[in-house]
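**Student:** Protein chains in written order, with my numbering: chain A, 161 to 422; chain B, 161 to 422; chain C, 161 to 422; chain D, 161 to 422.
Check the hints yourself; a few may be wrong.
The list makes no distinction among identical chains, and a pair is therefore deemed to hold if it is satisfied within one copy or across any two copies.
Derived BS3-like pairs (lysine-lysine); straight-line CA-CA distance at most 25 Å [claimed, not checked]:
#, residue 1, residue 2
1, 321, 215
2, 321, 187
3, 235, 182
4, 326, 197
5, 235, 321
6, 235, 209
7, 298, 419
8, 326, 298
9, 368, 298
10, 209, 187
11, 419, 197
12, 326, 235
13, 187, 419
14, 302, 368
15, 209, 180
16, 209, 298
17, 197, 368
18, 182, 321
19, 187, 326
Hints listed in this document are in silico derivations from the structure and should not be mistaken for laboratory results.
All values derive from a computational prediction rather than experimental measurement.
There are 4 protein chains.
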Amino acid sequence: MSQGLDVFKEGDDILLVSSKGKRRVVKIQGDRIHTHKGYLVTRDIIGRKPGIIVKTHVGEEMLALKPSVADYIPKLTRRTQVMYPKDIGYMVLSLGISSGAVVLEAGTGSGAATMVIASLVKPNGRVFSCDVNEESIKIARKNLERVGLIDYVELIHGDVKNIDFKVSFDAAIMDIPNPWDVLSRIVEFLKPSARICIIVPTMNQLEKVYRAMLDTNVAHLETVEIMLRRIRPFEGRVRPESIMIGHTAYLMIGAKILKENI
Amino acid sequence: MSQGLDVFKEGDDILLVSSKGKRRVVKIQGDRIHTHKGYLVTRDIIGRKPGIIVKTHVGEEMLALKPSVADYIPKLTRRTQVMYPKDIGYMVLSLGISSGAVVLEAGTGSGAATMVIASLVKPNGRVFSCDVNEESIKIARKNLERVGLIDYVELIHGDVKNIDFKVSFDAAIMDIPNPWDVLSRIVEFLKPSARICIIVPTMNQLEKVYRAMLDTNVAHLETVEIMLRRIRPFEGRVRPESIMIGHTAYLMIGAKILKENI
Amino acid sequence: MSQGLDVFKEGDDILLVSSKGKRRVVKIQGDRIHTHKGYLVTRDIIGRKPGIIVKTHVGEEMLALKPSVADYIPKLTRRTQVMYPKDIGYMVLSLGISSGAVVLEAGTGSGAATMVIASLVKPNGRVFSCDVNEESIKIARKNLERVGLIDYVELIHGDVKNIDFKVSFDAAIMDIPNPWDVLSRIVEFLKPSARICIIVPTMNQLEKVYRAMLDTNVAHLETVEIMLRRIRPFEGRVRPESIMIGHTAYLMIGAKILKENI
Amino acid sequence: MSQGLDVFKEGDDILLVSSKGKRRVVKIQGDRIHTHKGYLVTRDIIGRKPGIIVKTHVGEEMLALKPSVADYIPKLTRRTQVMYPKDIGYMVLSLGISSGAVVLEAGTGSGAATMVIASLVKPNGRVFSCDVNEESIKIARKNLERVGLIDYVELIHGDVKNIDFKVSFDAAIMDIPNPWDVLSRIVEFLKPSARICIIVPTMNQLEKVYRAMLDTNVAHLETVEIMLRRIRPFEGRVRPESIMIGHTAYLMIGAKILKENI
Chain A
161 MSQGLDVFKE GDDILLVSSK GKRRVVKIQG DRIHTHKGYL VTRDIIGRKP
211 GIIVKTHVGE EMLALKPSVA DYIPKLTRRT QVMYPKDIGY MVLSLGISSG
261 AVVLEAGTGS GAATMVIASL VKPNGRVFSC DVNEESIKIA RKNLERVGLI
311 DYVELIHGDV KNIDFKVSFD AAIMDIPNPW DVLSRIVEFL KPSARICIIV
361 PTMNQLEKVY RAMLDTNVAH LETVEIMLRR IRPFEGRVRP ESIMIGHTAY
411 LMIGAKILKE NI
Chain B
161 MSQGLDVFKE GDDILLVSSK GKRRVVKIQG DRIHTHKGYL VTRDIIGRKP
211 GIIVKTHVGE EMLALKPSVA DYIPKLTRRT QVMYPKDIGY MVLSLGISSG
261 AVVLEAGTGS GAATMVIASL VKPNGRVFSC DVNEESIKIA RKNLERVGLI
311 DYVELIHGDV KNIDFKVSFD AAIMDIPNPW DVLSRIVEFL KPSARICIIV
361 PTMNQLEKVY RAMLDTNVAH LETVEIMLRR IRPFEGRVRP ESIMIGHTAY
411 LMIGAKILKE NI
Chain C
161 MSQGLDVFKE GDDILLVSSK GKRRVVKIQG DRIHTHKGYL VTRDIIGRKP
211 GIIVKTHVGE EMLALKPSVA DYIPKLTRRT QVMYPKDIGY MVLSLGISSG
261 AVVLEAGTGS GAATMVIASL VKPNGRVFSC DVNEESIKIA RKNLERVGLI
311 DYVELIHGDV KNIDFKVSFD AAIMDIPNPW DVLSRIVEFL KPSARICIIV
361 PTMNQLEKVY RAMLDTNVAH LETVEIMLRR IRPFEGRVRP ESIMIGHTAY
411 LMIGAKILKE NI
Chain D
161 MSQGLDVFKE GDDILLVSSK GKRRVVKIQG DRIHTHKGYL VTRDIIGRKP
211 GIIVKTHVGE EMLALKPSVA DYIPKLTRRT QVMYPKDIGY MVLSLGISSG
261 AVVLEAGTGS GAATMVIASL VKPNGRVFSC DVNEESIKIA RKNLERVGLI
311 DYVELIHGDV KNIDFKVSFD AAIMDIPNPW DVLSRIVEFL KPSARICIIV
361 PTMNQLEKVY RAMLDTNVAH LETVEIMLRR IRPFEGRVRP ESIMIGHTAY
411 LMIGAKILKE NI
């Protein structure tokens with residue numbers, strides 16, 4: 161991320177932004193880089209600095225930037241519900257994740273949150289991420305290698321119920337269909353006072369997780385939904401965009417407590 | 161943050177959460193720790209593990225947790241508009257901030273965003289934060305010392321227009337009343353392709369910043385507002401809370417571009 | 161409502177709007193009309209036209225308007241959950257209520273919706289409104305008399321389950337805690353194809369009503385929540401207000417169907 | 161609207177609701193009624209009661225309802241920005257429109273609001289609606305005839321600046337691109353204390369209208385935006401829909417005042 165004075169090299173990823181604001185991460189390889197508005201000639205880009213404006217063979221101008229980790233999120237193979245930056249951003253702050261933290265993730269999915277968290281806890285922290293779906297683990301591994309963060313992540317194929325992590329976690333994330341079934345197991349590996357964030361799309365799941373929290377050593381801190389609305393800031397006609405995402409998921413935040421009252 | 165097996169010591173901060181979910185960070189000092197529901201006896205807490213449930217002298221139970229950086233945000237002296245976790249979380253992801261990044265902040269305010277970003281870029285990254293208001297710098301310094309993050313921050317009293325930072329930044333934040341006046345200056349210190357986030361509360365400011373981006377080497381990527389709604393997940397009566405924050409600020413995200421078309 | 165050329169008379173209601181936009185309906189009676197910013201001298205107002213600006217004895221200017229029916233809503237005695245104009249407005253359109261319609265309301269509450277609907281169905285339409293709570297009926301009667309709409313409303317003290325309305329309704333509203341228990345009864349009095357709106361505050365109630373619709377001759381058309389955000393349109397600093405109502409209730413709209421397929 | 165015991169006749173409109181909730185108003189005419197899921201045989205529908213479930217030639221079940229006025233809104237020819245039921249509903253209540261009112265509409269557009277207001281003010285009230293675009297007037301006339309409300313509307317082709325309405329209005333609506341230019345003219349025809357609602361899509365227009373209100377005898381009461389979110393109430397998986405409309409327009413509500421202070 162902090163290699164800003166470099167130039168684009170073969171094999172690098174590039175973030176292309178169209179004049180209408182559409183963004184896409186593509187790899188610099190082959191003779192041509194294909195976009196939805198014509199192709200770019202690869203040799204015109206290699207050796208140039210990020211931040212330049214490039215032109216496709218049909219004359220469409222695009223901005224060529226270095227991608228951030230969050231730019232990969234929309235691209236991640238959509239095998240599972242993908243977490244959105246608006247949700248991951250709030251989750252990271254609520255969990256108190258910072259550089260050096262050791263974080264558990266139950267439900268790797270496509271690795272969107274894994275990737276962001278790895279970029280924040282490095283170089284001394286780690287993410288342990290498990291998924292029952294082997295394909296998810298493979299895809300996440302590929303994505304983490306692509307963005308150069310695989311060294312900070314332990315990917316584990318298996319059910320969180322059966323894994324002995326052998327570490328204590330500073331924070332945990334659960335993005336699985338049945339978090340109430342494994343909450344008590346996950347809490348065993350949490351340090352006291354550590355935060356946990358459970359991501360669920362329906363209100364019925366909220367209810368079940370809340371019930372499970374009462375039955376476990378987890379105090380409910382808050383449940384939120386985050387809505388993002390894009391605004392058009394153009395001079396003389398500032399207005400919100402007509403269409404927005406109405407719902408992705410709810411975030412439930414809890415903390416591990418010790419049942420020894422004083 | 162990752163000292164979960166420790167116990168509370170004199171001088172530590174403690175996050176108290178009431179049974180109604182109210183949260184407050186207080187320092188462990190003196191004989192008594194005062195809350196809005198009676199006091200706690202300090203010596204009952206010292207030596208105990210975070211995560212315990214404590215009781216005030218009037219019998220009110222509270223959860224005693226270790227605070228995360230974000231927990232300090234509501235507490236920060238309200239001299240200036242305070243940024244909310246919902247906004248800081250999205251900003252951090254949009255800017256591609258990760259451990260090791262060197263970040264510029266124009267407008268320290270009370271240091272809420274400074275603190276969060278420092279916790280993410282450490283140990284090898286840095287935040288350079290400047291403010292024209294000397295009192296802001298003092299308060300931010302105190303807050304950063306309190307949370308143990310001052311070593312990762314350069315606090316500078318002065319106008320961003322007149323400061324020679326002598327470094328190139330991976331990302332920048334502007335939380336000042338007149339960002340359009342200094343945008344071109346700030347961009348000089350950004351690496352090409354680096355992202356910048358400008359925080360403004362009114363639509364008129366959006367318009368002016370957008371105009372200033374067109375006049376500078378900054379491409380507009382997106383403008384958003386983030387809304388957060390709290391949900392009550394209690395069994396049999398799941399519903400959103402009646403009152404919510406309707407507006408804090410808009411976030412405008414741009415990227416430094418090079419005006420050499422190809 | 162359409163007596164705009166009249167002047168204020170003793171006993172009339174008056175809508176006072178403060179310079180900060182606070183609105184309150186008060187009755188013109190006695191020597192003084194008390195506001196939260198001093199009193200007005202009653203004889204200064206009688207005989208004047210609505211639309212004038214008046215001044216309290218401490219010099220506070222207020223706008224003196226004729227109240228609309230919706231202006232009474234915040235004032236209604238808060239015995240029960242009060243419906244908000246944002247919800248009533250959408251409900252009225254979704255139900256296809258128009259002048260001449262005959263409407264059933266289960267759950268009179270304080271009569272907020274009753275009042276609005278009566279003002280729309282008059283002079284030839286009627287609202288039949290019932291409540292198990294006798295006090296609600298008394299309050300609603302008082303409110304309806306005050307706004308001159310009592311002639312268009314049948315107020316009935318009793319459980320909707322036991323009432324024989326002896327008419328067929330063009331539309332129905334249910335604002336009671338257990339709509340699923342009486343849905344099938346209410347549907348008996350609806351004309352085929354007539355719409356029904358059920359108002360509930362929790363998602364658990366939504367689920368139960370949906371289940372009851374499947375068991376009854378009611379097709380679910382849509383379930384919505386309406387959010388209202390106030391905007392400050394002041395020159396040079398246009399922005400949404402900081403605080404907003406985050407939740408009042410969900411509206412479920414259905415239609416009576418005939419179970420004779422073709 | 162209140163002819164619920166009738167049966168469908170040739171020439172009637174019918175609201176078809178698919179199993180997925182898609183709604184469309186079509187006319188009963190010809191041999192077949194075409195839908196996006198096959199056709200219906202017209203003679204199977206004529207003589208049946210509204211509320212029945214019908215089947216297309218490919219076996220798709222649809223609900224056959226009598227349309228309400230609001231059901232026509234999505235269908236209206238999209239020559240101009242169309243007002244949404246969520247906005248019209250709130251507007252109607254804010255303006256205090258009720259049966260018998262005489263209402264001015266500047267900017268007929270496709271007649272969506274015209275139609276709803278006519279259905280509410282009838283039989284003794286009237287809507288005077290003008291538009292500079294002759295085509296709009298023609299389309300609105302056709303739509304109003306179709307729903308049987310043309311008798312309650314005066315459609316006027318022309319600029320509101322040049323029209324002498326010769327009546328005093330109880331309320332006014334402006335849905336035109338430049339409301340600030342004609343506000344003072346419109347106010348001349350308003351009764352004192354009467355409300356006016358100005359509909360604009362951008363924040364810049366809000367500012368200009370607010371300025372114009374200060375220069376005219378109009379007090380600003382409130383400016384709002386109304387957001388509607390659809391909810392899926394299905395058992396065991398209650399959740400908001402993923403996509404929502406993020407913005408349609410702002411509503412500014414004012415009242416005509418008399419500049420004679422007391």
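**Student:** For each hint, tell me whether it holds in the structure or not.
**Tutor:** Tested hints:
1. With identical chains, the CA atoms of residue 321 and residue 215 are never at most 25 Å apart, being 52 Å at best within one copy and 34 Å at best between copies.
2. Taking the closest pair of Cα atoms, residue 321 and residue 187 never come within 25 Å of each other, the shortest separation being 38 Å inside a single copy and 38 Å across copies.
3. For a Cα distance limit of 25 Å, the shortest separation of residue 235 from residue 182 inside one copy, 12 Å, qualifies, whereas the shortest one across copies, 30 Å, does not.
4. With identical chains, the CA atoms of residue 326 and residue 197 are never at most 25 Å apart, being 50 Å at best within one copy and 40 Å at best between copies.
5. In this assembly of identical chains, residue 235 and residue 321 lie within 25 Å of each other by CA distance neither inside one copy nor across copies; the values are 30 Å within and 39 Å between.
6. Within a single copy, residue 235 and residue 209 get their C-alpha atoms as close as 23 Å, which meets the 25 Å cut-off; across copies the closest is 43 Å, which misses it.
7. Taking the shortest alpha-carbon separations for residue 298 and residue 419, neither the intra-copy value of 39 Å nor the inter-copy value of 40 Å comes in at or below 25 Å.
8. Taking the shortest alpha-carbon separations for residue 326 and residue 298, only the intra-copy value of 23 Å comes in at or below 25 Å, while the best inter-copy value is 43 Å.
9. For a Cα distance limit of 25 Å, the shortest separation of residue 368 from residue 298 qualifies neither inside one copy, at 30 Å, nor across copies, at 42 Å.
10. Within a single copy, residue 209 and residue 187 get their C-alpha atoms as close as 15 Å, which meets the 25 Å cut-off; across copies the closest is 49 Å, which misses it.
11. Taking the shortest Cα distances, residue 419 and residue 197 sit within 25 Å of each other only across copies (21 Å), while inside one copy they are farther apart (60 Å).
12. Taking the shortest Cα distances, residue 326 and residue 235 never come within 25 Å of each other, neither inside one copy (33 Å) nor across copies (36 Å).
13. For the identical chains of this complex, residue 187 and residue 419 are inter-copy neighbours only, at 23 Å across copies versus 52 Å inside a copy, given an alpha-carbon limit of 25 Å.
14. Within a single copy, residue 302 and residue 368 get their C-alpha atoms no closer than 34 Å, and across copies no closer than 42 Å, so neither meets the 25 Å cut-off.
15. Within a single copy, residue 209 and residue 180 get their C-alpha atoms as close as 22 Å, which meets the 25 Å cut-off; across copies the closest is 50 Å, which misses it.
16. When the C-alpha separation of residue 209 and residue 298 is checked against a cutoff of 25 Å, the pair qualifies neither within a copy, at 32 Å, nor between copies, at 39 Å.
17. Proximity of residue 197 and residue 368 under a CA criterion of 25 Å is satisfied in neither setting, with 47 Å inside one chain copy and 31 Å between copies.
18. With identical chains, the CA atoms of residue 182 and residue 321 are never at most 25 Å apart, being 41 Å at best within one copy and 33 Å at best between copies.
19. Neither within a single protomer nor between protomers do residue 187 and residue 326 lie at most 25 Å apart by alpha-carbon distance, with minima of 38 Å and 33 Å respectively.
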